[in-house]
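Colleague: For the protein sequence lines, the chains are B and F, in the order given. Going by our numbering, the first sequence wraps up at 114, each residue one higher than the last. Going by our numbering, the second sequence wraps up at 1111, each residue one higher than the last.
Just so you know, these hints were derived from the structure itself, not from any lab. Hints should not be assumed to be uniformly reliable.
Derived PhoX-like pairs: lysine-lysine, alpha-carbon spacing no greater than 25 Å straight-line [what the hints assert, rightly or not]:
id, chain 1, residue 1, chain 2, residue 2
1, B, LYS42, B, LYS78
2, B, LYS42, B, LYS57
3, B, LYS42, F, LYS1049
4, F, LYS1049, F, LYS1069
5, F, LYS1049, B, LYS57
6, B, LYS57, B, LYS78
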Amino acid sequence: EPEVTQTPSHQVTQMGQEVILRCVPISNHLYFYWYRQILGQKVEFLVSFYNNEISEKSEIFDDQFSVERPDGSNFTLKIRSTKLEDSAMYFCASRGDRTSYEQYFGPGTRLTVT
Amino acid sequence: AQSVTQLDSQVPVFEEAPVELRCNYSSSVSVYLFWYVQYPNQGLQLLLKYLSGSTLVKGINGFEAEFNKSQTSFHLRKPSVHISDTAEYFCAVSVTDKLIFGTGTRLQVFP
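Pulled out of the complex, with its shape left as it was, chain B reads as follows (with noise of 0.2 Å):
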């Protein structure tokens, strides 16, 4: 069965310095998501991403935050210099397409920032 996968699973990085999580979707899918889980919080949506540009974006989803698509397959979520409050657990998701409403979301990437 096709499942979304994340690289790493666990990303330690001190404070001011840029990380990029990296996700593939499911092979076919058109749309894709990052959400993230801060410890013990409920998921939160950060940015929708479609025809290689972002269609929505929250209030958390700031100019620190980047997404990109920079080849058929992999969906990358830079951020340019973490802050202590960016420790989250941050999951990839994708859905299919249009009529097809369910988003499948990748293992997730723990990310500390010390």
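With the hints as your guide, set chain F onto chain B.
Modeller: Okay, now just chain F, sitting in the frame of chain B:
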């Protein structure tokens, strides 16, 4: 604005007992509703979804949920739980393109 409320942060239950996890949503427009499960140290797995049609939807692992428009609820049920059902359960609503999640309910099944 749309929101999702999961009234119970934790639900303890004995194995083979029935369980109901409550979810209420608020939205001024039609929504699509989902339940996801998160096992320890894992990602989110789709349990079931309501898009339209029959208000009783069946999902994986013996779970089902009933959409009640008048009460704006989408409660999750299972007639007999197993130890392996111990996990965090998230109700979510999709209005535009994003999912809005509730705060989650931790289901703890005891032997």
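Colleague: So which hints don't hold here, by number, going up?
Modeller: Per hint list: zero violations.
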